[in-house]
Each structure stands twice: as structure tokens, then as C-alpha cells.
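Colleague: Listed below are the residues making up each chain.
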Amino acid sequence: ELKVEQNPLFLSMQEGKNYTIYCNYSTTSDRLYWYRQDPGKSLESLFVLLSNGAVKQEGRLMASLDTKARLSTLHITAAVHDLSATYFCAPGISSDKLIFGTGTRLQVFP
Amino acid sequence: ETGVTQTPRHLVMGMTNKKSLKCEQHLGHNAMYWYKQSAKKPLELMFVYNFKEQTENNSVPSRFSPECPNSSHLFLHLHTLQPEDSALYLCASSQAGTGPVRTEAFFGQGTRLTVV
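In the order they appear, the protein sequences are chains V and Y. Position 31 of the first sequence, counting from 1, maps to 31 under our numbering, and the rest follow consecutively. One gets our numbering by counting positions in the second sequence from 1 and adding 1000 to each.
Among the clues, some could well be false.
Claimed, not checked - Once the Cα atoms are required to be at most 30 Å apart in a straight line, the calculated DSS-like pairs of lysine-lysine come out as: (1) Lys-1018(Y) x Lys-1041(Y); (2) Lys-3(V) x Lys-1040(Y); (3) Lys-56(V) x Lys-1041(Y).
Keep in mind that the hints were calculated from the coordinates and are not lab data.
Just chain Y, same shape as in the assembly (with noise of 0.2 Å):
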């Protein structure tokens, strides 16, 4: 596979569940983020993973927990959620740097969530 995956592409979960979404990235890049997309706030930057180190965390609630395991891959876990919450997640890797060897953000298609 090729640029940036991510799974599952729909979730419908309950306030109590606990899930994960998974992103994956072939780029060879050196960073990873999450972004919400809402239709109140089209797209806020959540987190920010550069060489597997967390370098932003917008003021994210702690019921969303990122982990970076490696350059590669990226999950979002979530806990307890608010029906407010539902909204398009995408994943997004770039090769973050000074001068030519940075790049623009590559997106994947995106987890729609539904907090039921």
C-alpha cells in the first residue's frame, strides 16, 4: 500500500466503549498528526508526533490518548466519549524539517465516528 491508511474508515461506538483508530503511514516521513473535522470547527490540529515524539497537544481531553509506537504508525485510543465528539478524524504524516527536505502533510481518508 501506498501514502497514508487509516482504520476503521466508520465507527459507531457508546459513550462507554473504548476504541482505537489506527493510521499507517508509507511516506517515509518523520511525523504524524491527528485532526478533527467538525462542522463547528472545520479542521483542528489535535496532535502533533515528530520522530515518535508528542510535540503538540492542542489542549485535547484526556479521553482521547495518541500513541506513536514508531515513524510509521499512529493510534488515537478513545474512552468515554461525548456524542460531540463525532466527527471526521483524519490522519495526516509529512517530513517535517528546515529548508527543502520538509513537505506538505499527506491525509488519509479519514475515520467518520459516530458517539451514540
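In isolation and in its complexed conformation, chain V is listed as follows (with noise of 0.2 Å):
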């Protein structure tokens, strides 16, 4: 059973501090993608990670992808309010089947 493990499941930190979420994951998979979802919102895809060393960024997220490790990470930088919200990662372990970690929901205070 393929397991999805997010890290930490909740983050809370003051504006202008950097962190990195963890996603780690058991199965092999050649993509990864993280969402976004605010409360009571839908979820938004933020990255699409296609590779063995892909990295992305938006703003001050920053996305990596270590296909060998299983592990993803998402990198914070000078964090504002703006960021608070829920982040999912999901591994697309098949073409049609998109299973979502645990959710970490991140809170940045002044």
C-alpha cells in the first residue's frame, strides 16, 4: 500500500523566517505535484516536478524532487502571511491515480 508521509502536519512560524516541508513517499513514481488549499477552498496545484532532480519555484516556494530518495521537499523563503494555508504533495504513482499526503498545514504569524 503506497504510503505518503507529509512533514511536519502543522507549521507555524513568524514572518520573514524560512522552513522546508517534507514529503516522503513508498513507492516508486516519476512525477510529483503539490497543492495548495486554503480553508474552505478547493485545492490549487502549485508545482508539477516531472523528474529525478527537478526544482521549481514561484514566489517563495521553492519545489525539489529526489525520485532515488522518494522525497520531495517544498522550501519556504522569508515567509509571509500570504503562504498560510494547507500544502499537499502527491506522488502520480500511475497515469491516472494521484494519491495525497498527509497535509501540512502551515500558519505564519507577524
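Hints given; two lone chains; assemble the complex.
Modeller: Okay, here's the thing in C-alpha cells:
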């Protein structure tokens, strides 16, 4: 059974600080997706990582993928309040199957 | 309309009722999904349809019955639900396949279901 674990589950951080969210998964996958979910809202795609060593950046967020280690990271640089949300990772384990991680709830305070 | 549209947005139903959730995608995708999101289990994959064929049923109780009449529409028929079935039900679509044609999943706004 595929397991997708995110660490930490909850993250409270001060504005301006840096932090990394980790996503570990238990089976082979050739790609990985990161999503954001605001309270009461749906999921929004953030990053699509398509190969080993892939790195993508958007604003204060940077995602990377190590398929050999079955690990992806989402790095937050100089956090701002607008980044407060829940972040999910999802390895694409087959052409039509997306299993999501446990989610990391991020709260950024002044 | 564009993207993935779900109706209704909110639904309250009794345990003896029968209701249906509807999902429509305008993205030309070939795969559609139902997910359940609750406090206990953040995002559970329920069903996957690929070219209208069900390719995944993740041990979902029979009181949930999916229907995919074409690649643009997906329904979730509900009957004799339990209070623990109260959750946010999310529909998604993607272009399934291999290589560059494959896309991430795009989600609808969800249906907030309350079973009383």
C-alpha cells in the first residue's frame, strides 16, 4: 500500500523566516505534484515536478524532487501571511492515480 | 464555464435520503476522480474513471455509487448514508497517459455534505 507522509503536519512560523516541508513516499513514482488549499476552498496546483532532480520556484516557494530517495521538499523563503494554507504533496504513481499526503497546515504570524 | 464545476456546493441529507452529486469538466480531460476530505483522513481517493471506465474503487462502501456517462461528467449517487460520511467531496479531472500529455489533477470547488 502506498504511503505518503508529510513532515511536519502543522507548522507555525514567523513572518520572514525560512522553513522546509518534507514529503516522503513509499513506492516508485516518476513525478510529484504540490497543491495548496486555503480554508474552505478547493485544491490549487502549485508545482509539477517531472524528473529526478527537478527544481521549480514560484515566488517564495521552491519545490524539489529526488525520485531515488522518494523525497520531495517544499522550501519557504521569508514567509509572509499570505502563504498560510495547507500544502499537499502527491506522487503520480500511475497514469491516472494521484494519492495525496497527509497535508501540512502552515500558519504564518507577524 | 471553464475548469471543473461541482453541484451542489452544500448538501444536507437525512440517512434515508437519496441524493446525487454532479461534476462537470470543461478541460477536455479523459480521467475524472472523486475524493473525500474529512478531518480524520485528509484526502481519500474514492473512484477513478479513465475514458469512462472505472479503474479504481478504493474499497468504498456500496452506499456510494459513481456514474460516468461520458468523459466530461461524473456523478456520485448517495443513499442510506451515515453521519460519518459527512465530509467535503471533491471532484477532479486530469489528462491521463504517459509522457508530456499527462497533466496534474484540476479540482472542483467541492460539495460540503452533512448527513443528519
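Colleague: Would you mind marking each hint as holding or not holding in the structure?
Modeller: Results of checking the hints against the structure:
1. Lys-1018(Y) x Lys-1041(Y): Roughly 24 Å between the alpha carbons, so the hint for Lys-1018(Y) and Lys-1041(Y) holds.
2. Lys-3(V) x Lys-1040(Y): Distance ~16 Å between Lys-3(V) and Lys-1040(Y) Cα, so the pair holds.
3. Lys-56(V) x Lys-1041(Y): The hint holds at about 28 Å.
In this structure, every one of the numbered hints holds.
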